[in-house]
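Colleague: Going by this note's numbering, the letters in the sequence shown line up with residues 1 to 169, in that order.
Errors might be hidden in some of the hints.
Claimed, not checked - What follows is a set of in silico ranges between Cβ atoms, one per label pair, in the way DEER data are often shown: (1) T20 <-> K44: 15 to 25 Å; (2) W153 <-> M123: 23 to 33 Å; (3) L17 <-> A76: 37 to 47 Å; (4) I52 <-> L121: 26 to 36 Å; (5) T120 <-> I39: 36 to 46 Å; (6) I52 <-> I109: 33 to 43 Å; (7) L55 <-> P102: 40 to 50 Å; (8) T20 <-> I115: 17 to 27 Å.
It should be emphasised that the hints constitute simulated quantities derived from the structure, not laboratory data. All of these numbers come straight from a predicted model, not from anything done at the bench. Glycine included, each C-beta is placed from N, C-alpha and C at the ideal position.
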Amino acid sequence: ILPFIIMFMVILHLFFLHETGSSNPLGVKSDLYKIPFHIYFTIKDIYGFMIIMFLFWIINLEYPYIFSDPDNFIPANPMVTPIHIQPEWYFLFAYAILRSIPSKLGGVIALLMSILILYTLPMINMKFKSFMFYPMNQIMFWIFINTFILLTWAGSQVIEYPYINISQI
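Taking the hints into account, I'd like the entire structure generated from these sequences.
Modeller: As structure tokens, this is what we get:
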């Protein structure tokens, strides 16, 4: 389902990019230099889409196991539980949030709030200027990136003393 979500997000991104145009570093609107979207960019986007789809089909049809986890090829033994069970790498930050809070409901609420905050961030500054004019936003962005990386790393560690506290911070 992840490839379909990514494809939908790419199509949505292209739609909004061509609807409003991209921004420049100074944040100054310049409608003077815009060219029409249709036919040039449509053909260019279709060409890029065809290349991506070709690579997608090659990976799926010729090399279907290239990105699989090596543990998937170990024969299952119903008598032995694996020592360290963890989700895929792109869910590790959520796993760290869920296991850092003792209450099940509290963990789910914390996870939902961590996702909902991403929807509120674009609405904070409605002025169309770049990050160059908002140094506090740059700091907050890099704090967010570092927190995400730290939570992803903490989610991949075993459930022990220092890693649970790191996730709670």
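Colleague: Checking each numbered hint in turn, tell me which of them this model violates, lowest number first.
Modeller: Those not satisfied: there are none.
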